[in-house]
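Enquirer: The residues making up each chain are set out below.
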Amino acid sequence: MRLARNRRRGGERLGMPTLGLPVLGSTGGSTTSDTATIDRRAGGRRRATLGTGRLWIGAIAIVALRFVYDIARTITDWSTLAEPMLVAVAWTVLLVAAGAVVAATRALGEHLPGWMFTLFAISVSLAIVLDLVASWGSDGFATTLTVATAATTSILLVATTRATWELIAFALVATAVTALASRWSAGSVVPTAEELFVLAQMLTPTIVFVTLVASFRTFVQVELDRSLVQGTVAAPRLAVGMLASEQLARLDLAAERLLSDVADGRIPVPLDAEQASRAASLATELRLHLLEGRKQTWLYHAISESGRLGRAVTVADPDSLAGLLDSGQRDGLLSVLWLLLDPRADRGAQRSVTVRIGPMQTLPEVTRLAVVPIVLTTTGVNRTRADPAIWAELQRIGQYWDSAEDGSLRLDIRCMTSGSGASG
Amino acid sequence: MDGIRRERERLLRQVARAYGSAAVIAAVACLSVPPTLGTTAWLICLPLFALAGAAVWLAGTPLPWIGALGTLVVAIAIAIVLRLVGGDLAPADGVITLVSLTGGAVPAAAITLLSTPRGAIGFITVAGAATTTAAVLLQDAQPPLVTVIGQLFGWSIVATLGVVVVAAVPPAAEQIDSIGRAHRAERQASELEAQRRQGARLLHDTVLATLTLLAHSGVGVNEEVLRTQADSDARLLRQLRLGETPTPTPGTPYAPEPAEDTTLAETLAALRRRFGQMGLEVSLHGAGRVMLPPHVLDAFLLAVAECLENVRRHSGVTVAHVTITEDDRAVRAMVTDAGAGFEVGSVDDGRFGLKESVLGRLASVGGNARIFSSTGAGTTVLLEVPR
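Those protein sequence lines, which keep their order, are chains H and P. In terms of this note's numbering, the first sequence opens at residue 1 and continues consecutively. In terms of this note's numbering, the second sequence opens at residue 425 and continues consecutively.
None of these hints come from the bench; they were simulated from the model. Note that the structure is predicted; figures quoted are calculated from it, not measured. Note that CB positions come from ideal geometry on N, CA and C, so glycine has one too. Take the hints with a grain of salt, since some may be wrong.
Output of the computed footprint for chain P on chain H, the stretches with three or more beta carbons under 8 Å from beta carbons of chain P [what the hints assert, rightly or not]: (1) 62 to 73; (2) 123 to 130; (3) 266 to 274; (4) 277 to 288.
Model the full assembly from the supplied sequences, consistent with the hints where possible.
Expert: Here it is as C-alpha cells:
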C-alpha cells in the first residue's frame, strides 16, 4: 500500500489560504502526523527536569561523604605530606568552588549558566592540579592524593543542571590526567594496584550517577509525553483536537480585530487592496475551519500531539475506524505503541510502527457488533526483545497473532467493537 | 503505582549492574598488576571473578538476595584462595581486590533490596556481614578500624545512590500524573471551546458575510452601514471570546445590502492558489456571480476541494478543470481531469474519498454527487447543490 503523506503544519498558519483538509478516505489514505510541541515547551537550555531536585540532594550527599572521607585522610596524613600548604590551598579552592556552585544552583532555581559551570570546572581542575603537584615525586603517588578524588566526585554537584556529556568528559579527563601524572611521577609505565583503585574510585561513582541522571531524565520525558496524550482515550469518536481549536480561536480573534478596526475607522472604507485580501483570506480560513470535515480520530490526535509517537508512527485509517474502539481498547493500543517504541528498551535501534486499521467487517449473525482489523507492522523490533508487557496489552484490544515480517515484529489484531465508540 | 515500582527497580538494577561490574573489573585489574600473588592464584581467581560478575547481574532479577549473598560468598572464596595459594593477603593488591569486592561489588548487588523497607533492613544486615568479613579477612594486613571505615564509606556511597532512586521516582511519577490530569482537563475544555465556537454558526454566518464585503473593499455598500455592521460583528466575536454564546438577534435583517455575492468565485480562487502550491493547476470556468446560502456554500466547497485532492493524488496529471454552471434550481460544479481514471464499479463511494461526512453534508443541503470515470479515460465528478 502506498502511503500518502499530508503535511499540514505550514498551511494552517493564518494568512495562507488553505483548505487544510485532512486526507479523506481513498485508497492509501493515511496521515503522517507532525509532532506537536507540547513536550518541548519547557525545553530551552534548562537541564533540570521535574523530580531532579531529589537527585541533586543525593549528589550533594555523595560529594559530602567523599569530602569528609578525604579530609579525614588529609588530616591523618598531614605530618607525612611533602607540601601540606599546597594541599591546604587545593582544599580551600575546592571547598569554596563547591559551596559557591551549590549556593548558585539553589539561588537560580536548579539552574546553572554555562559561564558558572566553566568557572566551577576550572576551579576544580585547579584543585586537582595543585594536589598532583603537591604529591609529585612522593612514594606511592596515588595513595597520597586526597583532593583529586574529592574534586572529581564534586562534579556531581552539577549533574542535574548540566548535560551528561560535559560531566562524563570532565570525569574522564580528570581521571586520565591523574593516571598520566602518576605514571610520569613514578617514571614507569605499569600502574600499581593502589593507583588503579584510586582511579576507579574517582571514576565509578561519578559515571554511575551521571548515567543515572540521564536515565531518570529519559524516564520523565517518556512518561510525561505518555501522560499528556493519554487523555485521548476518552475522546469522542471524532474530535477537532487541541491544535485545531486553538486555531479557530485565533481566527476569530483576527476577524474581531479587523472588524473593530473597520468599525472605529482605523481602516478607511473602501479598504485598500492589502486589507481587502486580508479579509478575503480570513473569510476563507474561517469558513473552512467551521466545516465538519476537520475532525480526526483520537489516535490521530494522540500521535500528532506526542513528540515520540509522532516521529515513529504512521497511521493508515481511511475510514476513521479507530474512533470505534472503546476506551480500554484504545488504552491497550496506545500502550502497545509506547512499549514498541520505548527508547529505554533497546538503545540505538531505530524503531517505527505503521498502524493500518480497517476495512471493517460486519458479523452477519451477531447484531450490533463489528470487527475492526488492526495491523501493526514494525521496523527494528525484534520479537524476542519486545517488552513482555506487550502481550497483556494486546489482549485488551482483541484476539491477536504475531509474526515476523522483514525480521521485525508484525501484529494482526481482530478487534471487536460495538460500532459506537468510546462515548458515542 | 505498578509503573512507579517497575521504574524504580529498573533504575536500581541499572545502578547495581554499572557500579557492581565496575567494582569487579577494578578488583580484577588490581590483582593483575605486579607484584602479582602468583599465576596459580590469579588463574584460580579468574572464574571466581566471573561468578562475582554473574552474581552482580543477578541482583537485577527478582532474586536480589541471591545476588548480594552470592557476591559476598565469592569474595570470601577469593580471599581464601589468595591466602591458601598466594600464601599471604598482605601485599597491597590482595587487600585492595578484597576491599573493592566487599565495599563495591557486594553493596552494588544488594542495592535492589532498598526498594522495600524490609529489604532496607536486609541491606544493612548484608553491609554488617560484609564489613565484619572484610575486617576479619584483612586483620593481618591492616588495622580493623581502617578496614571498617573504608567499608562503611563504600557502603554509604552505594546506599546514597539507592536511596536517591527510591526517593526520586515516586514524586516525579506523581507530578507527571498530575500534569497529565491537568492536561486532560485542558483537552476537554478545548474540545468544548471548539464545539462552542463551531456551534455559533449564526454568528459566524454574519461575520463571514461582512468579511466578504470587506474583501471587496466595501465597494457598493453604504459606508456608515458597513461600519455599524462591523462594529456589531466585532462585539459579538468579543462576547464569544469572553465565554458567552451570543446570538445575533433573530429576525433582524442583515443590515448591509449584500453586494454582488461573489463569495464562491473568491473562495474558488483561494482553492486554486492552494492547489497551485501543491502542484496541481486548477483552471476555473464560469465561476461567475453565484450566490449561495453559507451552509450550502460550505458543503459545496468542501466537496470541490475533496475532488481536487483526489485528482492531485491519484490522477497522475497536473491539470484539473472546474466548471461552475447554474440555473434557476441549482448550482453545479464539474471537476474534470484527463488522468488515469478508474473503474467506478470497482471502488465504492467511501473508498473514493467522498467521505460520508462530505457526501452526507452535501445531501443535507439537498445536493448530490455523480462520478464518471473509466480506466485511462480521466475522471469527471459532477456536484450539484440547490439554490
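Enquirer: Each hint should be assessed against the structure and marked as holding or not.
Expert: Here is what the structure says about each hint:
no.	hint	verdict
1	62 to 73	holds (count 4)
2	123 to 130	violated (count 0)
3	266 to 274	holds (count 5)
4	277 to 288	holds (count 10)
Violated hint: 2 only; the structure is consistent with all others.
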